[in-house]
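First to last, the sequence lines map onto chains B and A.
Sequential numbering from 1 applies to the first sequence in the numbering used here.
Sequential numbering from 1001 applies to the second sequence in the numbering used here.
Don't read these hints as lab results, they were simulated from the structure.
Check before you lean on any hint, since a few could be wrong.
What the hints assert, rightly or not - What follows is a list of derived Cβ distance ranges for each label pair: (1) A/E1016 x B/A188: 44 to 54 angstroms; (2) B/P313 x A/E1111: 19 to 29 angstroms; (3) A/A1057 x B/A290: 44 to 54 angstroms.
Stated by the list, open to error - Listed next, the stretches of chain A that the computed footprint assigns to chain B, with coverage defined by at least 3 CB atoms under 8 angstroms from CB atoms of chain B: (4) 1103 to 1110; (5) 1114 to 1124.
For every residue, glycine included, the Cβ atom is placed at its ideal position computed from N, Cα and C.
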Amino acid sequence: MSEAAPAGELRRTPLWSRHVAAGAKMVPFAGFDMPVVYSSILDEHRAVRTRAGMFDVSHMGELRLRGPAALELAQRLFTNDVAGTGLGRVRYGLVCVESGGVVDDVTLYRTGERELLLCVNASNIAADLAHVREVHAKSGLDCEIEDESEATGLLALQGPEALRIVARLAPADLKAPKRWHFARAELAGIPVLLSRTGYTGEDGYEIFAPAERTVALWDALREAGGDALALAGLGARDTLRTEMAYPLYGHELDLEHDPIEAGLERFVAYGRGFLGEDALRRHQTRGGPARRLVGLVLEGRQVARPGFRIETPAGDGVVTSGTFAPSVDAPIALGYVPAKFEPGANLAVEIRGKLAPCKVVATPFYQRA
Amino acid sequence: MADQDYKIPEDCHYTESDEWLREDGAVVRIGITDYAQSELNDIVFVELPERGTQLEAGRTFGVVESVKAVSDLVCPIAGEVVEIHSKLSEHPEWLNEDPYGRGWIIAISPEDIDELDGLLSAADYRAHVKARSGK
Chain B
1 MSEAAPAGEL
11 RRTPLWSRHV
21 AAGAKMVPFA
31 GFDMPVVYSS
41 ILDEHRAVRT
51 RAGMFDVSHM
61 GELRLRGPAA
71 LELAQRLFTN
81 DVAGTGLGRV
91 RYGLVCVESG
101 GVVDDVTLYR
111 TGERELLLCV
121 NASNIAADLA
131 HVREVHAKSG
141 LDCEIEDESE
151 ATGLLALQGP
161 EALRIVARLA
171 PADLKAPKRW
181 HFARAELAGI
191 PVLLSRTGYT
201 GEDGYEIFAP
211 AERTVALWDA
221 LREAGGDALA
231 LAGLGARDTL
241 RTEMAYPLYG
251 HELDLEHDPI
261 EAGLERFVAY
271 GRGFLGEDAL
281 RRHQTRGGPA
291 RRLVGLVLEG
301 RQVARPGFRI
311 ETPAGDGVVT
321 SGTFAPSVDA
331 PIALGYVPAK
341 FEPGANLAVE
351 IRGKLAPCKV
361 VATPFYQRA
Chain A
1001 MADQDYKIPE
1011 DCHYTESDEW
1021 LREDGAVVRI
1031 GITDYAQSEL
1041 NDIVFVELPE
1051 RGTQLEAGRT
1061 FGVVESVKAV
1071 SDLVCPIAGE
1081 VVEIHSKLSE
1091 HPEWLNEDPY
1101 GRGWIIAISP
1111 EDIDELDGLL
1121 SAADYRAHVK
1131 ARSGK
């Protein structure tokens, strides 16, 4: 999945030269040279919310579990319900260590009777593989684990026009999969896995393709989309997901934070025997976690950044993500604070030595009309 | 965008931290360069000093905030802040759209106008941009 790059330098997705040709500003991300913006982060953000935007997310990882005990192994790893994920379905969940801390947040695809595909964060591919292999080795379960990341390209096409654009390239009889479902299809003759999922809050697809066909797929989608389709980079990807209060590993989630603190209880299916289950259950006996992830809207125009101190009457919290949100026309942030603060509470973020007032709000910050 | 040359007007002086300075009657007007606004991308906030602030050479006089990053604004010569472009609080995008014109940030009354000669010329600055960007 990488164009050849000299050892020790940044890796490239198959689309690298397309990004450079399109004038993208390239930045290092998870060891890859990735497009952060093509024109303007705010314009790309708005394009996704009003028309359609296309993201190259080929840097992400794909791990395949295959074998008689594939589902059983996956259930040991994954906080959400594996057995209840039927063929063609997609589920989001966390992979945890015994303390409940998060190894990664992943989407899980039931691609076969005894086969699952895990889509994982680019920054965690090696760590996830090591974790899966370790759990597998200890379990003695009959299951193969394959890293398909290099062989797989991934594009996200998101926005109100996304389905229509993809339909132009699909066979006439293709029924669009329902949300949180996927279908195997051919787009412009290219075999893909079409997943009705995304990280923006808009309708659309994440499209898995063989690495060597990803450029052709990108080109075909650009042509099919015409002026309705904007290229969108990691900058817009971040503002869009922050507006939805979706976590980003390394910010809201890491080994020191668990899914309950992060407000992801709905992706935890107790009683399945996943690693970390006992630790998460303990929150229930203690009346809940001591700290919780909240959404904040700031007064004024200054942006809160990760690591900034949140001042509360019950002690300090910390910002985990912050940006300017075009859809709310205000700076927003996510952060951990002592658990008692509900929407409406007035707090403050320290920005360059001064306290900027903010309010806890219900999330997501943005609601599709 | 890959082929675009950054605008670097001849009638300005420049700093290595990507500010431009231009004589405007008795004052010196200051802003950020086309290269700077391009690197910052969508600017959402500018923090301005108060009128009357005395700046020493090399002092930070404000902050430019974009969606992705924060950048200090540095004044390379000594002077008193006599004008601040307060409309930028409602129109931060002017810094992106017209960095040398409507995007001006402050104007100072310089202690010693000759200090401008110690700054980068347009040609020097172009080389400085090229060294960092390859363009």
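query: Hint by hint, which ones does the structure fall short of?
result: Going through the list in order, the structure violates hints 2, 4 and 5 and respects the others.
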